[in-house]
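Protein chains: 2
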Amino acid sequence: MKIAIAQLNPTIGDLTGNAQQILDAAQTAAAQGARLLLTTELSLCGYPPRDLLMQPSFLATMAETLAQLARDLPAELAVLVGTVLPNPDAVHDGEKPLFNTTALLLEGEVQRYFHKRLLPTYDVFDEDRYFEPGEESSAFELDGVWIGVTICEDLWNDESFWGKRHYEVNPIAELNRQGVDLMVNLSASPYSVGKQHLRETMLRHSATRYGQPILYANQVGGNDDLLFDGCSFGLNRAGEVVLRAKPFESDLIFAEFDPAVDELMPAAIAPSPDCADAEIWMALVMGVRDYVRKCGFQKAVLGLSGGIDSALVAAIAAAALGSENVLGVLMPSPYSSDHSITDALELAKNLGIQTQTIPIAPMMQGYDQALADLFAGTEFGIAEENLQSRLRGTLLMAISNKFGHLLISTGNKSEVAVGYCTLYGDMNGGLAAIADVPKTRVYSLCKWLNKAMKDELGGMHRNSYSSFIPHPASFPLIPPHIIAKPPSAELKPGQVDQDSLPPYEVLDDILERFVERHQAPDEIVAAGHDAAVVNQVIRLVTRAEFKRKQAAPGLKITDRAFGTGWRMPIASRWLPSTQPKAPQPVV
Amino acid sequence: MKIAIAQLNPTIGDLTGNAQQILDAAQTAAAQGARLLLTTELSLCGYPPRDLLMQPSFLATMAETLAQLARDLPAELAVLVGTVLPNPDAVHDGEKPLFNTTALLLEGEVQRYFHKRLLPTYDVFDEDRYFEPGEESSAFELDGVWIGVTICEDLWNDESFWGKRHYEVNPIAELNRQGVDLMVNLSASPYSVGKQHLRETMLRHSATRYGQPILYANQVGGNDDLLFDGCSFGLNRAGEVVLRAKPFESDLIFAEFDPAVDELMPAAIAPSPDCADAEIWMALVMGVRDYVRKCGFQKAVLGLSGGIDSALVAAIAAAALGSENVLGVLMPSPYSSDHSITDALELAKNLGIQTQTIPIAPMMQGYDQALADLFAGTEFGIAEENLQSRLRGTLLMAISNKFGHLLISTGNKSEVAVGYCTLYGDMNGGLAAIADVPKTRVYSLCKWLNKAMKDELGGMHRNSYSSFIPHPASFPLIPPHIIAKPPSAELKPGQVDQDSLPPYEVLDDILERFVERHQAPDEIVAAGHDAAVVNQVIRLVTRAEFKRKQAAPGLKITDRAFGTGWRMPIASRWLPSTQPKAPQPVV
Chain A
0 MKIAIAQLNP TIGDLTGNAQ QILDAAQTAA AQGARLLLTT ELSLCGYPPR DLLMQPSFLA
60 TMAETLAQLA RDLPAELAVL VGTVLPNPDA VHDGEKPLFN TTALLLEGEV QRYFHKRLLP
120 TYDVFDEDRY FEPGEESSAF ELDGVWIGVT ICEDLWNDES FWGKRHYEVN PIAELNRQGV
180 DLMVNLSASP YSVGKQHLRE TMLRHSATRY GQPILYANQV GGNDDLLFDG CSFGLNRAGE
240 VVLRAKPFES DLIFAEFDPA VDELMPAAIA PSPDCADAEI WMALVMGVRD YVRKCGFQKA
300 VLGLSGGIDS ALVAAIAAAA LGSENVLGVL MPSPYSSDHS ITDALELAKN LGIQTQTIPI
360 APMMQGYDQA LADLFAGTEF GIAEENLQSR LRGTLLMAIS NKFGHLLIST GNKSEVAVGY
420 CTLYGDMNGG LAAIADVPKT RVYSLCKWLN KAMKDELGGM HRNSYSSFIP HPASFPLIPP
480 HIIAKPPSAE LKPGQVDQDS LPPYEVLDDI LERFVERHQA PDEIVAAGHD AAVVNQVIRL
540 VTRAEFKRKQ AAPGLKITDR AFGTGWRMPI ASRWLPSTQP KAPQPVV
Chain B
0 MKIAIAQLNP TIGDLTGNAQ QILDAAQTAA AQGARLLLTT ELSLCGYPPR DLLMQPSFLA
60 TMAETLAQLA RDLPAELAVL VGTVLPNPDA VHDGEKPLFN TTALLLEGEV QRYFHKRLLP
120 TYDVFDEDRY FEPGEESSAF ELDGVWIGVT ICEDLWNDES FWGKRHYEVN PIAELNRQGV
180 DLMVNLSASP YSVGKQHLRE TMLRHSATRY GQPILYANQV GGNDDLLFDG CSFGLNRAGE
240 VVLRAKPFES DLIFAEFDPA VDELMPAAIA PSPDCADAEI WMALVMGVRD YVRKCGFQKA
300 VLGLSGGIDS ALVAAIAAAA LGSENVLGVL MPSPYSSDHS ITDALELAKN LGIQTQTIPI
360 APMMQGYDQA LADLFAGTEF GIAEENLQSR LRGTLLMAIS NKFGHLLIST GNKSEVAVGY
420 CTLYGDMNGG LAAIADVPKT RVYSLCKWLN KAMKDELGGM HRNSYSSFIP HPASFPLIPP
480 HIIAKPPSAE LKPGQVDQDS LPPYEVLDDI LERFVERHQA PDEIVAAGHD AAVVNQVIRL
540 VTRAEFKRKQ AAPGLKITDR AFGTGWRMPI ASRWLPSTQP KAPQPVV
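In the order they appear, the protein sequences are chains A and B.
Going by numbering that gives the first Met the number 0, 33 is the number at position 34 of the first sequence; the sequence numbering is gapless.
Going by numbering that gives the first Met the number 0, 366 is the number at position 367 of the second sequence; the sequence numbering is gapless.
These are computed hints drawn from the structure, not numbers from a lab.
Owing to the predicted nature of the structure, the values given are computational and were not obtained by experimental measurement.
The reader is advised that the hints may include incorrect statements.
[As the list claims (entries may be wrong)] Below, simulated DSSO-like cross-link-like pairs (lysine-lysine); rule was C-alpha separation at most 30 Å, straight line: (1) Lys484/B x Lys548/A; (2) Lys401/A x Lys298/B; (3) Lys298/A x Lys491/B; (4) Lys194/A x Lys401/A; (5) Lys548/A x Lys401/B; (6) Lys163/A x Lys298/B; (7) Lys95/A x Lys1/A; (8) Lys401/A x Lys453/B; (9) Lys194/A x Lys548/B; (10) Lys95/B x Lys95/A; (11) Lys548/A x Lys194/B; (12) Lys548/A x Lys348/B; (13) Lys491/A x Lys401/B; (14) Lys95/A x Lys484/B; (15) Lys491/B x Lys491/A; (16) Lys194/A x Lys95/B.
[Unchecked claim] The following label-pair restraints were derived from C-beta to C-beta distances: (17) His91/A x Gln177/B: 23 to 29 Å; (18) His91/A x Gln26/B: 36 to 42 Å; (19) Ala531/B x Lys453/A: 40 to 46 Å.
[Said to hold, decoys possible] A few chain B positions that, by computed beta-carbon distances, are all more than 10 Å from chain A: (20) His165; (21) His338; (22) Arg566.
Each residue gets a CB set at the ideal place from its N, CA and C atoms; glycine is no exception.
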């Protein structure tokens, strides 16, 4: 039995366009003799649809679109489509109003629905907000083959792999007891560094534990902050990967299931990215491309400071949109070094992007004069530093508004974490491309871009990178001086980042432990960090909450990004500290 | 049996300070002969603690603080404290890691825990993210009286009141079957217009249905976007309100339960606000006061345009913080009318607040010159309008940064809904005071302020308003011309809001139906609105999502505010419309 996997890149809420993608894949699959087509979780509306699910007209149109799609599909092809279904018992039994479900479309009709059983409600996920969990195992028979249907999280509860349960039931185990021949999964599993390795390791464990071949179809593409890496794959009963789709691109791949031996046969396996930097690069390029495109823009603008963050973002944007669609704006001040201009211009030349240069000294003087009386007798400080950043942000937004370019902001995760950034200044933008990329990773990405990426282009399958390279471009993409010089915001004479912050190697390790791994301050100190530095960093992170509240969406690449998965109060008095907060007697 | 209710205003995460509040209330209650003290939901950490619940040091310190509080409390007083408790079965059974619970403290120790059973996960609530529902009814015996303990949502599932179930179980019914004498509830129930009327109506239904006296203790105060109105109250078995605490202020009130007749006796009933405007005014004053105070600020700054929105916000800020702590900044442009200055100065005089005036023409020219080459040949448009707003926002932030005043933004809900506001411009601020107040309500609040509030000061109990009035102030607070003139952003000559938007009466009704009541476009048209206008408004709302994503927290006063209860994708193609989106055959 030939089975196709459509690794789709839906746009949220584009019901007609998403249905068209499914139909196109189905027609190709049918032409190639497939009997079954898997799509991805909520493939009809895109994942995550969020509160669109509360709009009655959205639900009604989705149901109509599904029915129409069933009629339009090749009649002989069974197609699994991700959609939502109203829960008829919601009002009577006090349940949630919808199911996150998979529809089996065949012979012009919706034949069955299979509901998602495990609903993630943590990190970026809010599924309990909308959905009631399905209570029954889901399987159907096709040409004598019993196929178990699961949706994303349903496969993420193997207690012998995790060493603990995340939910009471394990749908794989139940389906296995029912004797299904093949397990399929429709996913929208967001990317983070190393996620595909985790998926394959986890499902290898389940495939071998239950002696069960598994086909896993994952969404691809960027939807706001969330990136989906695709990498749909299949495992045979021995837990071997027998097929895999491309990372970070739409794909249509084929599996062959042999009913005689109840096993998946070897098929084409797309190469994985060679290293974490390659993976992150592709993720960010895809994320910028999809956000710009899905928001209806063609072009982007960004500020070029001559520093490494804006250099990386410019390279990402050029790769994502084409060099001709990126405008870099240089806005030197009297505090800017000469190299900030020369480095930025060299970068732009390497990338083939256009630039504009607008010195900001006249506007700085305008603000200084306007505020002279009010600020008389005060020292140069944060207010004056932020002014420079804000007037640059205002210029960039003027250009964005005038020409319809999307402004991309360039702050990295280390800065955003400790608040080393200006709200309404350099934080301006519709998308924060590298807001989840720690500064140390910014460096390694730039070094990889300059050396390894170029080298690897010769060595590996050309297709794997060809959609992810700036055209035209000359290597090294990032001028070496940008990588070599000490990072500086250049908002006052002689300023460098390390005047205010610990070295980035130290800062990033503390941040990873605190933000991503939820470690307590004492645990971080026990890992070898200085207590005073740990407390300083955590204090900065805590106090910068108000800035992050107003940040643009940032592309998520780590296990915990600031954004929808980070929900902190602002007006809070809690400050974690290595000093054990022994409760004082309250008298 | 004398029972006290401590209507507390906790600061999120201020474990020591919140414990001190509980101790202070307990000492007063004990001195007055109380046997039992109720506090509010999660009174130890404040509600909602959000992702602080993921920090291990926060949980550890909370447990230590609770144990210390138990030792510090008057030993003979039973005290119900809201806290969290780790779920020991989480790992083994795949459950959530915590319980939202009530600790019974007595004789120096924690005696019992009673877990919340119904966990709201909708609108602004995310309790399934953290908590496992309790499975057992919760009751304890004190001096022969059986007291059933419930937490907030536990009382919100009376299917005969709502006409439907929201959850499978109804804790009131179970406790009633177990024969409890008195039901108590620890709540953190957020304010929205008319919420207290709903609470009393709903609990009156339950009290009479089950013949059960109920004591309801509600949190008070502002925590970021959420406002808690207090209004703790008690109902006897006949469903009569027999006691009530003050609205929008901390309070300590006493109930008398007579075990001989199993009934609550009549006690003191604080007056309710006289009308919706009074209620909203108090809510907003409390919200601004608490946000500023809990963020560690004393003073606030805002832009005074001479328009009605900034007039209302200035009055709120003066009432919340004291007139001496509010700075109004006038930033006239060449497009500003004369009255924008005179009206703003008259307002400031009425409120007794300081002003600064900074004309922006020189800075506008600076930007125009800087952008002259790039913008050559283009028309004056959105870019130039936004520039004015952004340079004003930049000036306000410079003042905020220089003097440590919190910037309060002044946009109303109607503007924020349709995107009639400038990101990084007039949207700048740490708090958006009236972001959930529709424009029509802005008018009614100002009229109420000028007339009814003054009149009512004579008529009703002075205490009800004394904390909510600007000092010093002269009436009418809002200059009548500000209320009378047509609203305008004054960003180009002769501009008025109604050039771009439908009349506010129409706009606000459409918005309420679409945003708060989740009505489909066809339903809104059926209510009497023009289809083209409905589609225009919904298109504007949908396209402004990127602005709201980066907005400051806004004080929630309606059933659905933009903010934590509104979770929409940005890069989405869904646009609800009265044209039924009949799915086209996808060929």
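Each hint, compared with the structure:
1. For the hint pairing Lys484/B with Lys548/A, the CA-to-CA distance comes to about 35 Å; that exceeds 30 Å, so the pair is violated.
2. In summary, the hint linking Lys401/A to Lys298/B is not supported, as the alpha carbons are separated by about 37 Å, beyond the 30 Å threshold.
3. For the proposed pair Lys298/A and Lys491/B, the alpha carbon gap of about 28 Å is at most 30 Å, so the pair holds.
4. For the given pair, Lys194/A sits about 40 Å from Lys401/A by alpha-carbon distance, which is inconsistent with the 30 Å threshold.
5. This hinted pair checks out: Lys548/A and Lys401/B have alpha carbons roughly 22 Å apart, not beyond 30 Å.
6. In summary, the hint linking Lys163/A to Lys298/B is not supported, as the alpha carbons are separated by about 50 Å, beyond the 30 Å threshold.
7. Of the pairs offered as hints, the one joining Lys95/A and Lys1/A is violated, with about 37 Å between alpha carbons and a cut-off of 30 Å exceeded.
8. At most 30 Å may separate the alpha-carbon atoms for a hinted pair to count; Lys401/A and Lys453/B exceed this at roughly 48 Å.
9. The suggested pairing of Lys194/A with Lys548/B holds, with an alpha-carbon distance near 27 Å, which does not exceed 30 Å.
10. Pair hint Lys95/B plus Lys95/A holds up; C-alpha atoms about 18 Å apart against a cutoff of 30 Å.
11. Annotation: proposed proximity of Lys548/A to Lys194/B holds, straight-line Cα distance about 27 Å (limit 30 Å).
12. The suggested pairing of Lys548/A with Lys348/B is violated, with an alpha-carbon distance near 34 Å, which exceeds 30 Å.
13. For the given pair, Lys491/A sits about 16 Å from Lys401/B by alpha-carbon distance, which is consistent with the 30 Å threshold.
14. Simply put, Lys95/A and Lys484/B have alpha-carbon atoms about 48 Å apart, too far for the 30 Å limit, and the pair is violated.
15. Simply put, Lys491/B and Lys491/A have alpha-carbon atoms about 36 Å apart, too far for the 30 Å limit, and the pair is violated.
16. In summary, the hint linking Lys194/A to Lys95/B is supported, as the alpha carbons are separated by about 23 Å, within the 30 Å threshold.
17. Our hint of 23 to 29 Å for His91/A and Gln177/B holds, since their Cβ atoms are close to 25 Å apart.
18. Roughly 49 Å separates the CB atoms of His91/A and Gln26/B, a value that falls outside the hinted 36 to 42 Å.
19. At about 56 Å, the beta-carbon gap between Ala531/B and Lys453/A misses the expected band of 40 to 46 Å.
20. At the 10 Å boundary, the C-beta of His165/B falls inside the reach of chain A, the nearest C-beta of that chain being 5 Å off.
21. Remark: the non-interface label on His338/B is consistent with the geometry, its nearest Cβ contact in chain A lying 23 Å away (cut-off 10 Å).
22. In this structure Arg566/B is not separated from chain A by more than 10 Å, as the shortest Cβ-Cβ distance comes to only about 5 Å.
Of the hints listed earlier, those the structure fails to meet are numbers 1, 2, 4, 6, 7, 8, 12, 14, 15, 18, 19, 20, 22, in rising order.
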